[in-house]
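Given next are the chains, with one letter for each unit.
Protein chains: 2
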Amino acid sequence: MTYISAALFIIGTELTRGVIADKHWQVLASQLTQLGYRVDRMVLVPDDGTIGEVLQECIDTCDIVILTGGLGPTSDDLTRSIVARMANVPLVRDQATFDALYARIGERIWGANEQQTMIPQGFAAIPNPYGTAAGFRGIIPEGDREIVCIAMPGPPREMDPMFFDQVLPYLAQLIGHDDFARSEYSTFLIPEAKLDELCRQATFNGLQWGTRFQDLKISLYLVGGDDQERVEMAKRLESLVGPSLLVEGDVMPAQLLTDLLVARGETISCAESCTSGFIAKLLTDQSGSSAWFYGGAVTYANEAKMAMLGVNEETLQIHGAVSEACVLEMAEGMLNRSNTDWALSVSGIAGPDGGSNEKPVGTVWFGFASKHRSSMAVKVQLTSYGRDSVRRKASVVALILASQYIKGACLLDTVKKWQYI
Amino acid sequence: MTYISAALFIIGTELTRGVIADKHWQVLASQLTQLGYRVDRMVLVPDDGTIGEVLQECIDTCDIVILTGGLGPTSDDLTRSIVARMANVPLVRDQATFDALYARIGERIWGANEQQTMIPQGFAAIPNPYGTAAGFRGIIPEGDREIVCIAMPGPPREMDPMFFDQVLPYLAQLIGHDDFARSEYSTFLIPEAKLDELCRQATFNGLQWGTRFQDLKISLYLVGGDDQERVEMAKRLESLVGPSLLVEGDVMPAQLLTDLLVARGETISCAESCTSGFIAKLLTDQSGSSAWFYGGAVTYANEAKMAMLGVNEETLQIHGAVSEACVLEMAEGMLNRSNTDWALSVSGIAGPDGGSNEKPVGTVWFGFASKHRSSMAVKVQLTSYGRDSVRRKASVVALILASQYIKGACLLDTVKKWQYI
Numbered sequence: 001m002t003y004i005s006a007a008l009f010i011i012g013t014e015l016t017r018g019v020i021a022d023k024h025w026q027v028l029a030s031q032l033t034q035l036g037y038r039v040d041r042m043v044l045v046p047d048d049g050t051i052g053e054v055l056q057e058c059i060d061t062c063d064i065v066i067l068t069g070g071l072g073p074t075s076d077d078l079t080r081s082i083v084a085r086m087a088n089v090p091l092v093r094d095q096a097t098f099d100a101l102y103a104r105i106g107e108r109i110w111g112a113n114e115q116q117t118m119i120p121q122g123f124a125a126i127p128n129p130y131g132t133a134a135g136f137r138g139i140i141p142e143g144d145r146e147i148v149c150i151a152m153p154g155p156p157r158e159m160d161p162m163f164f165d166q167v168l169p170y171l172a173q174l175i176g177h178d179d180f181a182r183s184e185y186s187t188f189l190i191p192e193a194k195l196d197e198l199c200r201q202a203t204f205n206g207l208q209w210g211t212r213f214q215d216l217k218i219s220l221y222l223v224g225g226d227d228q229e230r231v232e233m234a235k236r237l238e239s240l241v242g243p244s245l246l247v248e249g250d251v252m253p254a255q256l257l258t259d260l261l262v263a264r265g266e267t268i269s270c271a272e273s274c275t276s277g278f279i280a281k282l283l284t285d286q287s288g289s290s291a292w293f294y295g296g297a298v299t300y301a302n303e304a305k306m307a308m309l310g311v312n313e314e315t316l317q318i319h320g321a322v323s324e325a326c327v328l329e330m331a332e333g334m335l336n337r338s339n340t341d342w343a344l345s346v347s348g349i350a351g352p353d354g355g356s357n358e359k360p361v362g363t364v365w366f367g368f369a370s371k372h373r374s375s376m377a378v379k380v381q382l383t384s385y386g387r388d389s390v391r392r393k394a395s396v397v398a399l400i401l402a403s404q405y406i407k408g409a410c411l412l413d414t415v416k417k418w419q420y421i
Numbered sequence: 001m002t003y004i005s006a007a008l009f010i011i012g013t014e015l016t017r018g019v020i021a022d023k024h025w026q027v028l029a030s031q032l033t034q035l036g037y038r039v040d041r042m043v044l045v046p047d048d049g050t051i052g053e054v055l056q057e058c059i060d061t062c063d064i065v066i067l068t069g070g071l072g073p074t075s076d077d078l079t080r081s082i083v084a085r086m087a088n089v090p091l092v093r094d095q096a097t098f099d100a101l102y103a104r105i106g107e108r109i110w111g112a113n114e115q116q117t118m119i120p121q122g123f124a125a126i127p128n129p130y131g132t133a134a135g136f137r138g139i140i141p142e143g144d145r146e147i148v149c150i151a152m153p154g155p156p157r158e159m160d161p162m163f164f165d166q167v168l169p170y171l172a173q174l175i176g177h178d179d180f181a182r183s184e185y186s187t188f189l190i191p192e193a194k195l196d197e198l199c200r201q202a203t204f205n206g207l208q209w210g211t212r213f214q215d216l217k218i219s220l221y222l223v224g225g226d227d228q229e230r231v232e233m234a235k236r237l238e239s240l241v242g243p244s245l246l247v248e249g250d251v252m253p254a255q256l257l258t259d260l261l262v263a264r265g266e267t268i269s270c271a272e273s274c275t276s277g278f279i280a281k282l283l284t285d286q287s288g289s290s291a292w293f294y295g296g297a298v299t300y301a302n303e304a305k306m307a308m309l310g311v312n313e314e315t316l317q318i319h320g321a322v323s324e325a326c327v328l329e330m331a332e333g334m335l336n337r338s339n340t341d342w343a344l345s346v347s348g349i350a351g352p353d354g355g356s357n358e359k360p361v362g363t364v365w366f367g368f369a370s371k372h373r374s375s376m377a378v379k380v381q382l383t384s385y386g387r388d389s390v391r392r393k394a395s396v397v398a399l400i401l402a403s404q405y406i407k408g409a410c411l412l413d414t415v416k417k418w419q420y421i
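These protein sequences, in sequence, are chains A and P.
Under full-length UniProt numbering, the first residue of the first sequence carries the number 1, and numbering increases by one thereafter.
Under full-length UniProt numbering, the first residue of the second sequence carries the number 1, and numbering increases by one thereafter.
There could be a bad hint or two in this list.
Copies of the same chain are indistinguishable here, so a pair counts whether it falls within one copy or spans any two.
What the hints assert, rightly or not - Distance condition first, Cα-Cα at most 20 Å in a straight line; then the derived EDC-like pairs of lysine to aspartate or glutamate:
1) K371 to E192
2) K359 to E107
3) K371 to E303
4) K235 to D285
5) K194 to E14
6) K379 to D250
7) K194 to E114
8) K235 to E197
9) K194 to E107
10) K235 to D413
11) K359 to D48
12) K235 to E192
13) K417 to E238
Hints are computed from structural coordinates only; laboratory data are not their basis.
Only a predicted model underlies this, so the values are computations on that prediction, with no experimental measurement involved.
Based on the provided sequences and hints, a complete structural model is requested.
Put into structure tokens, the structure is as follows:
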């Protein structure tokens, strides 16, 4: 059987009530289209009894049905039993899924979570490293046709990696892309629409791409061609966006810095004003972070900058808190008080209020001090899409620049080449 | 005929190919839900011949079908002729629409734009002040049922005003808009599956509910009944989960604390170990936070606790960093160094490593100190679903307990009554 026509089937009452917005459609539709599938319908239904009827319509007309949602532990999460009914098989426990979940949550598995380890008999479980509900894929016979049915959990942080790592390669194989190959990159600080536009400029020899927005980075998948072609496209892209904003692999911004510190056996501390603890939080997201992280000062008020870091009152009066002089005193104060190898500091205008002509919202100063290198400060003007976006971007910039500082780079040069932050 | 069940039907090949993201679903779904309609399916199809077939399925099962897209001037924009065929009427020119468009574009109307002035006979045109395609609404007879069919253009800048100004009032009238009511609550620290289970226990008189997971809280919507019944259900729920974990309205955990501080004109500082800056970040998410937030110390390493907060070395040696004695010294040290009205501290085992039989992963101590009240410390044992979940929950607990401390509550009593955190 040739598989071409695909239906996307998304389940969630919170979606049909308009309480939350769907995040999957575009990612799934664009990836399927790039592989050569024709997406003939996308259907969104509430978590209720009508699922079966609408799903039957998809099965009647399409070769592949991809479902997301309806795999949670609550009573209205019906996907697995409806797919089993369509395939005319019972639900059975997938032992590997059960064992993996038991290893994580122990006796709490009994009750609602246990049913999340059940899949339709004859289907293959798809492991879910980021949640409790396994996905599954298998065949629903329909007359002389064999419909491929794939079910994934609804939350994007669970579905995205499951789709890209486990489902997409399978779909590529199914449609005959023997040469399906892809490389993953991580990009920082570049807006998704801009990244797409730049990919159109940088592509060649029919290379395709897909992007996935993930918290503090955007993953970029280059698809097709050979290894060398994908590397060449990545190089072209990097020359368009500027240094350090595109790296190979699945890398969170904090890892740029912590991998370096671990390799060198060194430690860091941070003094934060506008990011107010968020950099410290990112530096301790991984277990074992006491190896590289000492601690930090969140000096939101000017009095805190003076009391906790020894910033001079005159500096604040003459230059203001968002200034080269202030971030240098913050970083040096932090270094002296902490006895770490490296210290970073941040002070900026997060907005939405507090900007001026001279220092508009998005103006952020970064300071760095060290036992190993002379102190350094650099200013970045971030495009503001709101307070949260300025604070998150400033945190990412601080992490990238700190790793460049440790490597001995000239921060002014780096920042000057950034095109689209 | 009673109109309750609605289908949203969106047409556009650029959507099913994933080239652009849909912008209508959530707006339409939430508005319809608020009016009291039940959105039973949302379907997205390409601009091709299959539209009729899928539309027929919607007509077979729903009372109202709202279409967007497929009204443009290009040859693959088929909506109007398919609706006319379903209603078994010819397409006719709507003279008012023609005249309005002629007044704007003159002789250019002849050709592709002329067909945009055609609507199914017997339907009412819906003027489009922002584009060339008129919308329309009318009845599709289906046996003894009369399906309401509404078609709007796809571009958001045309559809949005048409929907809000002309379609929404019509839909409100159609459903009577009288017995529709709901209340929103915010819940903290209760797993979604457990909340659903508790709602089943607490409901009465046919009250319905819905939940929405949002970062650090879960919104709970109680639907139906009268105001008093919804308040009663909320009270029952609160008695099941424990105090302070369910509040009226759309409230983020940090607001519990910051609203209180603003009302009192007071300030806070925080000393964080395991949450490592995340509480400071949450307390500054809102603009204007310098009114209530001074700053904080992120004392991840033991040396940082001593150097930055004056915690005694003996305290750390005898009791460890995760102890009543340590969080009390942290909170008091923070208060003394900051001159704020209130100070909070947190120290716990975030995991996944570092737990012991005595202090398993999820053990977190919270300390509070103030000019206005004697110092207090309390231990909470959080159910661990991983490092990130422990740190996020600990941050929410700190914010809730700090607001209780300021209000003069007995924190030990509060914590003892929490059932499912």
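Hints, verified against the model:
Proximity of K371 to E192 under the C-alpha cut-off of 20 Å is found in neither arrangement, the shortest distances being 38 Å within a copy and 49 Å between copies. Taking the closest pair of Cα atoms, K359 and E107 come within 20 Å of each other only across two copies (19 Å); inside a single copy the shortest separation is 56 Å, beyond that limit. In this assembly of identical chains, the alpha carbons of K371 and E303 lie at most 20 Å apart only when taken from different copies (18 Å versus 26 Å within one copy). For the homomeric pair K235 and D285, neither the shortest alpha-carbon distance inside one copy (30 Å) nor that between copies (37 Å) is at most 20 Å.
In this assembly of identical chains, K194 and E14 lie within 20 Å of each other by CA distance solely across copies; the values are 17 Å between and 31 Å within a copy. When the C-alpha separation of K379 and D250 is checked against a cutoff of 20 Å, the pair qualifies neither within a copy, at 28 Å, nor between copies, at 37 Å. Proximity of K194 and E114 under a CA criterion of 20 Å is satisfied inter-copy only: 14 Å between copies versus 44 Å inside one chain copy. When the C-alpha separation of K235 and E197 is checked against a cutoff of 20 Å, the pair qualifies only within one copy, where the shortest distance is 16 Å, while the shortest distance between copies is 53 Å.
Proximity of K194 and E107 under a CA criterion of 20 Å is satisfied inter-copy only: 16 Å between copies versus 47 Å inside one chain copy. In this assembly of identical chains, K235 and D413 lie within 20 Å of each other by CA distance solely inside one copy; the values are 18 Å within and 60 Å between copies. Taking identical chains as interchangeable, the C-alpha atoms of K359 and D48 are never at most 20 Å apart, the minima being 53 Å within one chain and 43 Å between chains. With identical chains, the CA atoms of K235 and E192 are at most 20 Å apart within one copy only, with a shortest distance of 18 Å there and 45 Å across copies.
In the homo-oligomer, the alpha carbons of K417 and E238 lie at most 20 Å apart inside one protomer (11 Å), although the nearest pairing across protomers, at 55 Å, exceeds that limit.
Taken one by one, the earlier hints fail for this structure at numbers 1, 4, 6 and 11, listed in ascending order.
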